[in-house]
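Asker: The primary structure of each chain is shown beneath.
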Amino acid sequence: MKRRDFFKVVSAGGIGMAMSPIVKATDGTSLLSSQDEIVTNLEDALKVPRTANSMPGKYPGKVVKVVDDNSVVDGEPSEERAYRMIASAMLSLTGEKNLKKAWRQFVSPKDVIGLKVNPVAGPMLTTSHAVTKSVVKQLEEAGIPRKNLVIWDRRDPQLKETGYTTENYPGIEIVGTEYHDEKGSFYNESGVLYGEERVDKNHYFRVNIKGEYDAYNLPYQVNGGEYSYFTKICTQKVDKIINLPILKNAGAAVTLCMKNLAFGSISNTSRLHGPMWHKTCAYVCAFPPLRDKVVLNIVDGLKGCYDGGPGANPQFFHEFKTIMVGTDPVAVDRIGHEIVIPKRIEEGRQDKDSPAGYLFATMAQDLKLGVADRDKIELKEINLS
Amino acid sequence: MTSFFSPVTILLFAVLSLSLSTPDKEIFPEGVEIKRDREYVGEALYGFMNGGSELFLDYGFEHLRALDVIYEGEEYSVEIYKMPSTKDAFGIYSLHTHRCIIADSIAPIDCHSKYQLQFISVERYVSIVFKKPVEGAKQGAIDLMNFIRMKYEDSTGSDTKQITDTILPEEFRSKEEPYSGRVVFVRGPVAVNNSLGVMKEYIEDIDHFEIWSYRPSMDKKRNILLIQNPGREDSERRMFEL
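Chains as they are written, first to last, in our numbering: chain S, 109 to 493; chain G, 186 to 427.
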């Protein structure tokens with residue numbers, strides 16, 4: 109049986125009724141393939157009224173890109189340079205002359221703020237501590253109590269293995285949805301996945317592609333079936349989210365702001381790759397737990413990759429020496445695409461660019477989550493070299 | 186009369202079953218300290234690399250042993266991917282190798298680069314990553330490679346030609362060596378999308394395909410072999426340049 113036979117397209121009307129044929133593996137050959145048979149609950153999200161914080165945030169279509177040739181030294185990101193780069197970007201983005209005021213446009217001391225990092229590629233290619241610590245420092249300088257900060261991701265074990273620990277970040281909660289205890293078990297004493305306790309079944313992305321997982325895979329999915337539940341970190345724990353993705357490719361696309369948010373916030377994600385990848389990146393961000401809480405996106409492009417992503421293959425690492433900041437994740441991703449794809453072409457990993465590579469951004473624009481049209485993006489470039 | 190099911194027979198069968206059903210733990214000798222040892226089976230590879238697992242699963246991925254080790258005072262990350270065949274292992278290897286500083290020289294199929302050594306050992310694709318970069322071959326990584334090869338290959342060893350003659354299609358066997366970094370074997374839509382996007386239009390209506398690509402250098406065109414319905418009676422082969 110083909111691997112993808114595990115993911116059964118369920119008929120639109122029935123729960124658990126596998127009426128449609130198996131999703132063919134070749135559905136993945138074209139990112140633009142027809143997906144008429146795919147049905148989601150996106151309409152539920154669109155019915156919820158937008159708020160003042162809703163994407164694309166205070167500065168739609170505006171992206172600040174900062175480059176510093178001295179930001180990576182002997183292969184290691186420099187915290188001092190990262191701090192300067194982020195500070196420059198924040199002042200430019202907001203038009204403020206005072207860094208504290210710049211930050212206070214987005215956060216207040218009463219907020220619990222979640223920093224969504226990306227540790228999935230392991231210690232060699234995680235959101236750098238240079239960037240994360242700089243963000244923490246600037247938030248504290250803006251009056252945000254350390255105890256109000258949460259560093260989070262879907263994968264609790266990977267947070268720890270990439271150095272996101274209470275030892276390195278004293279006073280800050282570090283938390284992931286998928287969790288195993290000290291003995292390495294993903295299950296609590298009652299035989300329930302720890303992850304299942306950490307998802308909110310009142311908030312979900314439903315797709316009629318049914319995930320069916322064996323015992324080995326289930327701990328990394330939390331649940332199978334048609335529902336992908338949002339993590340309680342998003343729905344209950346934090347008031348605001350600052351997104352800290354890394355500048356990486358995923359095939360001929362970038363895995364950046366929207367991917368870090370969408371796939372990092374829900375369960376049962378394996379079935380959402382392939383033909384659903386672009387839609388998931390766009391649609392999940394349209395749901396209120398993300399749409400209304402993400403106030404800022406700070407892309408760590410000090411070290412990234414142009415191939416092999418989202419994993420870490422050192423063959424394809426590249427020191428872009430860049431940080432990008434924006435409230436609009438769609439616009440930031442569109443500019444990120446312009447950085448990574450030319451590098452892929454230069455290295456012979458891809459022959460030419462294609463709009464199919466940023467389909468998710470175009471979809472997100474249609475959902476009014478941000479600006480994907482390159483002509484409508486205001487890009488401010490700063491060189492601190 | 187001796188019963189076929191004598192206690193000795195039963196014991197031998199039990200030992201054999203156990204050895205076949207559980208991965209053999211011992212790969213490295215004393216002197217290699219194992220700091221962490223993880224295993225992933227089948228689709229649980231998702232737990233190791235998330236969506237990146239799609240590519241490996243398209244090539245029939247079976248088992249991963251991921252070890253963090255210390256050898257001669259240095260840290261190495263070792264990943265040993267068991268695939269269904271040498272050809273599948275080569276396929277994954279070919280997608281992950283690029284600009285090898287040294288290729289196909291120490292092991293029959295290997296790629297040495299600044300932070301990484303990758304190679305094939307029978308039906309395994311192996312990656313060894315190290316923090317301290319080198320401009321050539323890293324001796325510590327080579328030692329680890331040799332330990333792994335001793336574990337999985339028979340004592341007669343093999344050379345590049347022996348391996349490539351069994352996995353490369355005839356049309357590619359006359360190509361100039363080394364093959365690493367030049368020959369790519371693509372199976373499945375993920376690999377096409379990721380690495381040979383130029384071939385998307387050629388495979389739009391084809392369910393079963395294999396693609397071989399040989400590119401001697403960046404300034405030269407690719408020689409492409411597209412095999413439709415490989416291994417079947419109605420299999421078709423097309424060669425062209427892109």
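Honestly, the hints are just simulated from the structure, not real lab data. There may be inaccurate statements among the hints.
Stated by the list, open to error - Cross-link-like lysine-lysine pairs, in silico, DSSO-like; alpha carbons within 27 Å at most:
#1 G:K299 with S:K291
#2 S:K451 with G:K220
#3 G:K336 with G:K360
#4 S:K255 with S:K387
#5 G:K316 with S:K451
#6 G:K385 with G:K346
#7 G:K317 with S:K460
#8 G:K220 with S:K268
#9 G:K220 with S:K460
#10 S:K451 with S:K488
#11 G:K385 with S:K387
#12 G:K317 with S:K268
#13 S:K255 with S:K245
#14 S:K268 with G:K272
#15 G:K385 with G:K272
#16 G:K220 with S:K345
#17 S:K205 with S:K241
#18 S:K387 with S:K245
#19 G:K346 with S:K451
#20 S:K205 with S:K451
#21 G:K336 with S:K460
#22 S:K241 with G:K316
#23 S:K241 with G:K317
#24 G:K385 with S:K460
#25 S:K387 with S:K340
#26 S:K387 with S:K218
As the list claims (entries may be wrong) - If the Cβ cut is set under 8 Å, some of the chain G residues that face chain S in the computed set are:
#27 V226
#28 G227
#29 N235
#30 G236
#31 E239
#32 H283
#33 S298
#34 Y300
#35 N379
#36 M403
#37 N408
#38 I412
#39 N414
#40 P415
Keep in mind the model is a prediction, meaning the values are calculated, not measured. All residues carry an ideal CB built from backbone N, CA and C; glycine is no exception.
Asker: Against which earlier hints does the structure fall short, listed by number upward?
Answerer: 1, 2, 3, 4, 6, 7, 9, 14, 16, 18, 19, 20, 21, 26, 37, 38, 39 and 40
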